[in-house]
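Student: Protein sequences appear in the order of chains A and B. My numbering numbers the first residue of the first sequence as 1 and each following residue consecutively. My numbering numbers the first residue of the second sequence as 1 and each following residue consecutively.
Hints in this document: simulated from the structure, not taken from any laboratory. The reader is advised that the hints may include incorrect statements.
To be verified - Residues from chain B shown here face chain A by an in silico Cβ test under 10 Å; the list is partial: (1) Leu-57; (2) Leu-58; (3) Leu-61; (4) Glu-63; (5) Thr-149; (6) Ala-249.
As the list claims (entries may be wrong) - Result set (DSS-like, lysine-lysine): computed pairs, CA atoms no more than 27 Å apart in a straight line: (7) B/Lys-225 <-> B/Lys-143; (8) B/Lys-206 <-> B/Lys-143; (9) A/Lys-80 <-> B/Lys-206; (10) B/Lys-126 <-> A/Lys-80; (11) B/Lys-143 <-> A/Lys-317; (12) A/Lys-317 <-> B/Lys-206.
We put the beta carbon where it would ideally sit given N, CA and C, even for glycine.
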Amino acid sequence: MYGGGNTFEGIKTDSLAQEDPVKLAEFEARIARGEKIEPSDWMPQLYRKQLIRMIEQHAHSEIIGALPEGTWITRAPGFKRKLALMAKVQDEVGHAQLLYSAAETLGKSREQMINDLINGKSKYSNIFNYPAFTWADSCFISWLVDAGAIVNQLANAKGSYGPYCRALDRICAEESFHLKYGHHCVIYLATGTPKQRAMFQEALNRWWAPMMHFFGPSDKISAHTEVLMKWKVKMASNDDMRNQFLDMYVPKIWELGFTIPDPKLRKNPETGRWDYTEPDWEEFKRVINGDGPCNKERLEVRRIAEERGHWVREALKAPKASYVMPLA
Amino acid sequence: MNEIALKELLYKIADDQLILGHRNSEWTGMGPLLEEDIAFSSMAQDKVGQSYAIYNLLHALGEQEPDTIAFTRNANQFHNSIFTELPNSEYDFSLIRHFLYDTAEIIRFDLLTRSAYQPLADLAVKVRAELRYHTLHANTWIKQLGSATEESISRLQHSLDTALPHALGMFEESLYEQDLIHDSIFAGEKILMERWKQQVEIILSKTQLQLPDWDTLTAVNGGRKGQHSEHLQPLLDEMSEVFRIDPTAEW
């Protein structure tokens, strides 16, 4: 999981005024040639700031996303699912670790980032502000939220910042297993008892709107990000990614005999793109600004985890602690 | 070979691994740092996987399918030690339990590599290799936090004092102890406990933690006979919540 629906600030027209024009031109030429920017290379302040913001949001999404799915580890039905879900959520936490490290190369510490998460200064993927009521909800997340994340991350993996791209390459390889796991779980619900089918249909009804929100506001209303596209920070428009997701997964959902709760959803034969009911962007804004069903709970759990672990992290810093040889 | 004795041995080992694996997995998303979150998750996967392998040995001996065994029994049918079912509490307790438990488990599986019951001996070789990482992990952290700050030392000491009587409950003897020893299936809890005490003493001597005199401690027994604390049934209810919606369904 779980990147996607990154929110970017609108770019002010004068934000590059203080940059050295020669260095800036050289930087942009490198990106245009497809070169990667590495941590010690020169970069505009705006590039650094927006990258930190994006990678940090992605990392937060991984650890917050572990919460709704983690709840189902202790409830997973049977050994096969229990073992797979444990491994999957562990991967997500591992992704957070990779991503925080990638963001740290830009000069912000993991501790600062986690503090900003807890105090509400930085965001995470909006979709995790919704509750996972049943096992089928967790299957929806594993299959379709991960699928959405892959669409987003495959695009971002072709971006310009080396450490982030390398982290994403590893992340995408693991995500493809998550997708298989999630799809497998959903197939079992789809072909199981009427109760199992109903469980997934209900999950689909609950999660469709947040899933459409996942890729971020419509291009018609989202902040202008041309310079971020030029710098290969943002790699595809929100609507393009949403369309790609619908292209890949709507047929699979229909194939399993489920009904997607949007009567307008259809592929337009003239445009080759999907028509759908415009998601409620007011709700998206309301939820991302803190007023969703689970925002408070998610941040509270994270805050408690940080607080309870504080003494452990302090003890690791203790000067009198003797060094113990790491395992590998 | 006394098959009832063998099955009882397998049940208690598998139940221990399943229940503690389940507890370890509760740290997912809650660890004091990401690296520990990930480590407890790895150990959880190993332990649950090991329980699955042992339930499969039981299945080969005529018991039910592993899923049925794990997800449909009630607390009084479980033979795990009470120690494994206690809530995670704070990280200091989880870490101390992990240390005391895995120190015993690696010795237990080392003894089992010489079991006369060959399928168990074969499995024990594999499990012992996995447990090596669990004890390395536990020892590393106990040594670091057991000598770091006043707070970390006092927390670990408090948890050690709370945990030890329960830890001794791991070595509660079976009714068939003598049969197991006689048939060379398992060398017995007494030998295991003596070796465990020595190893615990070695590791703790490298920290500022104090071990009480073993003679002053009374083991909290009962788990091996299906007598559990109030914590096991809620754990099992949660674990089987989805499975019980329809135990005949495939999930």
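Student: Work down the list of hints and note, for each, if the structure agrees.
Tutor: Comparing the hints with the structure gives:
1. Leu-57: Nearest chain A Cβ about 14 Å off; hint violated.
2. Leu-58: Cβ of B/Leu-58 sits 13 Å from chain A, so the hint is violated.
3. Leu-61: Hint violated; B/Leu-61 Cβ to chain A Cβ min 18 Å, cut 10 Å.
4. Glu-63: violated (15 Å)
5. Thr-149: At about 5 Å, which falls below the 10 Å cut-off, the nearest Cβ of chain A leaves the hint on B/Thr-149 intact, so it holds.
6. Ala-249: holds (5 Å)
7. B/Lys-225 <-> B/Lys-143: violated (34 Å)
8. B/Lys-206 <-> B/Lys-143: The hint holds at about 6 Å.
9. A/Lys-80 <-> B/Lys-206: violated (40 Å)
10. B/Lys-126 <-> A/Lys-80: holds (20 Å)
11. B/Lys-143 <-> A/Lys-317: Distance of about 14 Å is within 27 Å: holds.
12. A/Lys-317 <-> B/Lys-206: Judged against 27 Å, a Cα distance of about 19 Å means the pair holds.
Of the numbered hints given earlier, the model fails hints 1, 2, 3, 4, 7, 9; all others are met.
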